[in-house]
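Engineer: The chain contents come next:
Number of protein chains: 2
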Amino acid sequence: MHNSITVAVDAMGGDNAPEEIIKGAVLAVQDEKDIKVILTGDQDIIQKELVKYTYDKERIIVVHAPEVITNNEAPVLAIRRKKNSSIVVALNLVKQKEADAFVSAGSTGAVLAGGQLLVGRIKGVERPPLAPLIPTLNGVSLLVDCGANVDARASHLVQFAKMGSIYMENVLGIPNPKVAIVNIGAEEEKGNQLVKETFPLLKACSDINFIGSIEAREIPYGGADVIVCEAFVGNVILKLYEGLGAALINKIKSGLMSTTKSKLGALLCKPALKETLKDFDASKYGGAPLLGLNGLVVKTHGNAKSTEVRNSILQCVTFTKQHINDKIMEHLKNNE
Amino acid sequence: MHNSITVAVDAMGGDNAPEEIIKGAVLAVQDEKDIKVILTGDQDIIQKELVKYTYDKERIIVVHAPEVITNNEAPVLAIRRKKNSSIVVALNLVKQKEADAFVSAGSTGAVLAGGQLLVGRIKGVERPPLAPLIPTLNGVSLLVDCGANVDARASHLVQFAKMGSIYMENVLGIPNPKVAIVNIGAEEEKGNQLVKETFPLLKACSDINFIGSIEAREIPYGGADVIVCEAFVGNVILKLYEGLGAALINKIKSGLMSTTKSKLGALLCKPALKETLKDFDASKYGGAPLLGLNGLVVKTHGNAKSTEVRNSILQCVTFTKQHINDKIMEHLKNNE
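So the protein lines, in turn, are chains A and B. The number in the working numbering is simply the position in the first sequence, starting from 1, with 11 added. The number in the working numbering is simply the position in the second sequence, starting from 1, with 11 added.
Looking at chain A on its own, in the form it has when it is part of the complex (with noise of 0.2 Å):
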């Protein structure tokens, strides 16, 4: 394999396209030597926006893709039907090796199925999950499984719980990573019918540090490095934690407008409170990978803007110079 990594990004997909994600892949290539970014959507509009921009012509390719897969469409039927779209000419090129990863900020059903479909499972996979970081008071926690496999089993949840242990082990280099399943109680007797299934299950993995139970009032302080949650459940935290974080900010904003007094101390606050904030920030973290594909498919928030797009490309380069892949394969081999 060669030194450089490279990664194709759908250029068409999320709320800001294709403006902010090629800002994002122009950013990406100005920060990073090893990587390289192919570009997949319509031609003619990639080339206008990419004019704007001085980078190095050789390590942006442009694919054509006249088609685009919108969030309204039935995503395995558009994986299937739109072989021309942005998403399908990507996934085909980590297929072929072309690239080893893929970046979108489209639909999540779409580039979800389309990795499965077309990109497909390592061996011994049951289901790839959708595993983003999400910030606590520690630092980040890895949340697994938050949206790709809903009504999931409790052998799914136990590959969860390992693969986001190599991910977090190797990509963010948290020795040894505690992993907690997502409950409504501390004790082992609690849950729903999955969760004590799967616990008795985790709690005899002896190739991870399985600490229990978490609630989730304790999620956003750090307690584990990899949640373990079926992906309805996952998704709920992930959104939460989004739409909590941005209306607590909305009310703090205008309690600090609220009197003149507080406006002066707002203003003196401001720049403190915005770096403290910062690290608060989902996007921050670039995008989700889906774990366990034959190759690297990463999701990004809808609304990504460029630094969110050029965070996701090169959280790539970790993944790929770690060899994520290699090491789930020969992980789930050993457990065979």
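Just so you know, these hints were derived from the structure itself, not from any lab. Careful, some of the hints might be misleading.
When chains are identical, the list treats them as one kind, so a pair holds in a single copy or across two.
[Said to hold, decoys possible] Cut-off 30 Å, straight-line C-alpha distance, at most; resulting in silico cross-link-like pairs (DSS-like, lysine-lysine):
1) Lys63 with Lys201
2) Lys201 with Lys134
3) Lys262 with Lys189
4) Lys316 with Lys344
5) Lys272 with Lys285
6) Lys201 with Lys94
7) Lys68 with Lys44
8) Lys214 with Lys281
9) Lys106 with Lys201
10) Lys214 with Lys250
Starting from the known structure of chain A, fit chain B onto it as the hints suggest.
Structural biologist: Frame of chain A; chain B shown alone:
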């Protein structure tokens, strides 16, 4: 029925029992004329606290209950065995119609189990859900179910929606409350098996104002008055709400204290900020009623202080005066 409402209060339950519970009871009778409180628990301990306060002696009665159910006990077993516990004695007062309502900050499991076993369900109610109010940018929303019935069925969720709707209309005075189901996407075809089954049933209900799915991201913005979900998901939402709110405020405080300039600013902002954030304080809204029982059972936070206990007791007045249970009964009868 007499005009005055009698509320049995578990004096021994919660992290701050008995001091804060008893203080809360005293505050409640001081603030509201039409209320009587029966404190259940160790009478010597309770009397020792009560002598600290000046209040209408006829409106706080003590009923001796020497046993205490802890959070670590298996709920159903504890309810069956500890007949002289503060929870069982209080619930029996409700069962025997000597009290209209019961408030406890003690073991959630024991309150839920005891409510069902001793007070019993209203005829026609399949599962009584726990329904707290959560703060939003718009006011409050009722989250139903937040922990009583994990692995519920679609028919249960439909009843949650109806009971929640009656509660919001009559206790909060919101005409034609908007009802939504927690989902991982806005479209009808999204969701897990339970949501997919429940959605068309809710859509077919002519007696509620069903507005469709709500994503967790929208909950803090007050997108719906009644938020329906299965208990595991509801519990995650409630606890993440509390945990993330506290963590963010913690983060903001440390940001405000990080520089000399920001410290000065913080001093100026503090009163306005405090006032604004009060609206987002869950404890302001008292406890969570267990809907659908033959009497009112209210679970308040384990860490409740006197103000929250007082609010939880006062909340029983509206509930009882508005004849919520009669309305639920009437409603379910009409729907048979």
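Engineer: Would you mind marking each hint as holding or not holding in the structure?
Structural biologist: Hints, verified against the model:
1. Lys63 with Lys201: neither (57 Å within a copy, 40 Å between copies)
2. Lys201 with Lys134: Only across copies: lysine 201 and lysine 134 sit 28 Å apart there, 33 Å inside one copy, limit 30 Å.
3. Lys262 with Lys189: between (34 Å within a copy, 23 Å between copies)
4. Lys316 with Lys344: Classified as neither; 39 Å inside a copy, 54 Å across copies.
5. Lys272 with Lys285: both (20 Å within a copy, 14 Å between copies)
6. Lys201 with Lys94: Intra 47 Å, inter 24 Å, cutoff 30 Å: inter-copy only.
7. Lys68 with Lys44: within (13 Å within a copy, 79 Å between copies)
8. Lys214 with Lys281: This pair counts as neither: shortest intra-copy Cα distance 46 Å, inter-copy 46 Å.
9. Lys106 with Lys201: Classified as between; 28 Å across copies, 42 Å inside a copy.
10. Lys214 with Lys250: both (28 Å within a copy, 24 Å between copies)
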